[in-house]
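From first to last, the protein sequence lines stand for chains A and U. Quick note: the first sequence, position 199, residue 199 per the working numbering, numbers continuous. Position in the second sequence (from 1) plus 657 gives the number in the working numbering.
Everything labelled a hint here was simulated from the structure, so no lab data went into it. Please note that a few of the clues may not be correct.
[To be verified] Here are the simulated DSS-like pairs of lysine-lysine, each with C-alpha atoms no more than 27 Å apart in a straight line:
id	chain 1	residue 1	chain 2	residue 2
1	U	881	U	910
2	A	483	U	986
3	A	641	A	121
4	A	439	U	910
5	A	641	A	654
6	U	986	A	214
7	U	695	A	450
8	U	986	A	217
9	A	217	A	250
10	U	881	A	439
11	U	673	A	483
12	A	483	U	706
13	U	990	A	483
14	U	986	A	209
15	U	706	A	450
[As the list claims (entries may be wrong)] Some chain U residues close to chain A (C-beta under 7 Å, calculated; not the full set):
id	residue
16	720
17	721
18	728
19	882
20	884
21	888
22	974
23	977
24	978
25	997
26	1002
Heads up, the beta-carbon is just placed ideally off N, CA and C, and yes, glycines get one too.
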Amino acid sequence: MSSPNGSPAAAAPAAGLNGTTSNGKPARQRETVDAVTIRFAGDSGDGMQLAGTQFTNTSALAGNDIATFPDFPAEIRAPAGTLAGVSGFQVHFSASDIHTPGDALDALVVMNPAALKTNLKDLRPGGILIVNTDNFGVSDLDKARYKVSPLEDGSLAGYRVVRTPVAKLTREAVAEFKLSPKEADRCKNFFALGLVYWLYERPLDVTLKYIRDKFAKNPQYVNANTAALKAGYNYGETVELLPVQYQVAKARIEPGTYRKITGNEAAVLGFVAAAQLANKTLVYGSYPITPASPILEGLAEMRRYGVKTFQAEDEIAAIGVALGASYGGAIGITGTSGPGVCLKSEAINLAVMTELPVVIVDVQRGGPSTGLPTKTEQSDLLQAMFGRNGDSPVAIVAPQSPVDCFDMAFEAVRIATRFMCPVFYLSDGYIANGSEPWKLPQVDRLPRIKIDHPTEPNDAGWAGPGHEGGGETAKGEPAAGGKFLPYRRDDVLSRPWAVPGTPGLEHRIGGIEKQDVTGNINYEPANHQHMTDTRWRKVENIAGTIPDLAVTGPADAELLVVGWGGTYGSITTAVERAQRRGLKVAQAHFRYLNPMPKNTEAVLKRFRKVLVPELNTGQLAWLLRAKYLVPAEGLCKVQGKPFLVSEIEAAIEKALA
Amino acid sequence: MAATTTLPTLKPDDFKTDQEVRWCPGCGDYSILAQMKKALAALGTPREKIAFVSGIGCSSRFPYYMNTYGFHTIHGRAPTFATGLRLANPELQVWVVTGDGDGLSIGGNHLVHALRRNIDIKVLLFNNEIYGLTKGQYSPASRPGTPSKTSPGGSFETPVRPLSVALAAEATFVARTIDLDVQHMVGVLQRAAAHKGSAFVEIYQNCKIFNDGVFEYATDKSVKADNVLYLEHGKPMVFGKDRSKGIRLNGLKPEVVTVGRDCQVDDLLTHDEAADEPTLAYLLSRFAHDTAKDAVDPYPEPVGVYRAVRRPTYEELLDARIDAAVARKGRGKVEELFAAEDVWTVQ
């Protein structure tokens, strides 16, 4: 998010338990830090996503800037305690402006040996390691492939280890509520969360309210989880396992009303807002697929806004319904991930050919094939660009952060309806599931999407067939007056969107090549050339309606770092750090991939070197080289994880060495 | 000005377009096109309120020849586009034109799910038991032994029975008619148009080029009466040249009987298109001329309306959910959209 970088504000008075004043004990050492990165890690059944989300909400409401990264396995419940079943949630919270969920962890909470094993490498030397020691029996160690307990072999010597029997303490804390042992164990995450709240002096009220609302029908659970949370907090307070508490002051953030939002949530709001402001019904056709399903789920909750969601029988039906709805005059959108895009290719081409608006949401994940369903990647760019038969131009936009998902969802609808073409919205698992604070937009400042449907024939002034590079009508005679010409184009080459039901405009469209202007089936050589060229030119005309590519950095920069989509946060942080160290580096980031902004070539050619970090094997670099003949060098990573800032920083240094 | 579409009466020719019809001479599709124009003209729905959506294949060129709204889509997927069109515009009368390859092979999945959901679309499946536009390969509906370019020596696959599939998919309106039985077809099309919900109509359609005469037993006047059973709601199932044959149920097995010799008319099965369960319709959908031809008394193939029941459509149910959501919390406005439970204000 954008806010001026600032030094941490003076430490606020410590908020005590449940927002009350402190308990009168002598204050222990307090250290004020600018930013902290923590991760909760445990078994998929341990409730780590919940603990992380609660910590995030609390931090956001406390006024920090935040960025999160949930990381979970594809299996809903992999065998308990195994390495495959580890689920993690990382939160970066800060007193200044941040763009990523953080590289190295300041604190790590692990609920079992498997979580320790898979996450320890990310903890910085000297970092705080909170270990649930109750799950370190022989079989637990065995499942995590430890021969000797890491708690006993000295391997954790470089960290500040907080050994806590979380399971035992939780059971004691909830003993009076008569839960089954299994139910009691489910409260563990709240105990751990309470402990971390103590460590960072966070108030409990947000989570206490959550517990009250979530378990409203079951007072026993409200009491038990509340007790567990407070017990964790008090445990930190009483036992003094750590000699220090940390404070992260409020960030200096632009005034306004904020909420925390994930990329997928922002996309939901962007699509609904766009449809509302265009005065249109939104029809969303989708087949459940990770990591795009939250958009379908989110839109299903939007019925009172007139949103119609349709859970289709397959990916093809999902886009069929969306495109059929667009034909009918609604805003048709389909959502999926890479494997689903493969299945939608033919229908996307029907939209290209019939020149109907449709938005294809692709929340990218690791591929090819089923690939890494829950892990992030940016490897569908060339698929979106070229993955269809024939010369098949489509528009492509890519949000650069969770918050930007709102704006680009809106843009996708604007472009599709203005230019009568399919638009890809390329998000990715990282920004789709990641969250950050979002300043609520002012409705009156949002752009209106103006859609005009014709109601009258449009052949006035038309000189007859053959004048637009096409051939003759089927019977060779010029059209009679009062005819509707479905492919008669406007100044940007967009065709009229006549809605079935409108008297006098009855017409037929389809996937067969058609004569320009009349839309009649036409196989003539010159016409196909003309139509192919026209479809490309129309998409290129979009460039006249999008912002220039912005460059940030010193005037004498030698290196340009160019990215697209979800890598914005990591790249920006790396470039800013390098710039602070005096390196001659600038940054430009693509949110529009097809067409690219008009000044792209001019920007690229101003720099001696171009570095393109992307989470694939070099797809944007490939496009830039092909289109602009620039010596773009890739920094490629396909590990199912976002870039670390340090990785990009190192590449910048190397490029300028 | 464009031809006005609010005439009190429409003529079949009002549905003609300026496009040259490109089916082969003698194709059964010509008859279907003509009967459709007659049926729609008689019903009087304004042209602009009608849309034809098709997939790929000979039959799927149909929309180009109807002066209504038309969408010629991709292979097998027409029901999905038609579904989207209905969601966007519940005022439209939406017809899907498909064939045995388009609707039962590549598009089988969509057909089943559209019928199951009871989307208010009228699906016309032109069944010629062959692939025509790709020039003569066997289809999933080809009867065993059908010779074709891809089935030298005759196909050996078990064919799909379109009406059995539709019934198993919970279709609320299921019917069959024949390209040359023009009066009957007009009646069936009008019934389908009037039905609220998914309507599925199988139309026997002769492919003059690649599968000529496959339905001759049902169209040749000299044998037709013995091979076709005209279904009429509430009437006993009687057929045959002299209307002496009938269908009787023996346990779970229907049998062909001679009225007067084997039983009386009262002993025959009575057709009930509105039955709660589709069991009877399913039994009828199994009557196949070809597989029973060696039988002493071969089954006639029933035509007409097998099943017509009312069940809420998908669109009605979805709209009801939307209305309920609006009733609970009011019609959503964009101003309320961004609020969330946990918001905070920075001064």
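Consistency of the hints with the structure:
no., hint, result
1, 881/U / 910/U, "24 Å, holds"
2, 483/A / 986/U, "45 Å, violated"
3, 641/A / 121/A, "14 Å, holds"
4, 439/A / 910/U, "70 Å, violated"
5, 641/A / 654/A, "22 Å, holds"
6, 986/U / 214/A, "21 Å, holds"
7, 695/U / 450/A, "41 Å, violated"
8, 986/U / 217/A, "22 Å, holds"
9, 217/A / 250/A, "35 Å, violated"
10, 881/U / 439/A, "75 Å, violated"
11, 673/U / 483/A, "15 Å, holds"
12, 483/A / 706/U, "18 Å, holds"
13, 990/U / 483/A, "39 Å, violated"
14, 986/U / 209/A, "23 Å, holds"
15, 706/U / 450/A, "25 Å, holds"
16, 720, "5 Å, holds"
17, 721, "5 Å, holds"
18, 728, "6 Å, holds"
19, 882, "40 Å, violated"
20, 884, "36 Å, violated"
21, 888, "30 Å, violated"
22, 974, "12 Å, violated"
23, 977, "10 Å, violated"
24, 978, "6 Å, holds"
25, 997, "4 Å, holds"
26, 1002, "5 Å, holds"
Hint violations for this structure: numbers 2, 4, 7, 9, 10, 13, 19, 20, 21, 22, 23, all remaining hints satisfied.
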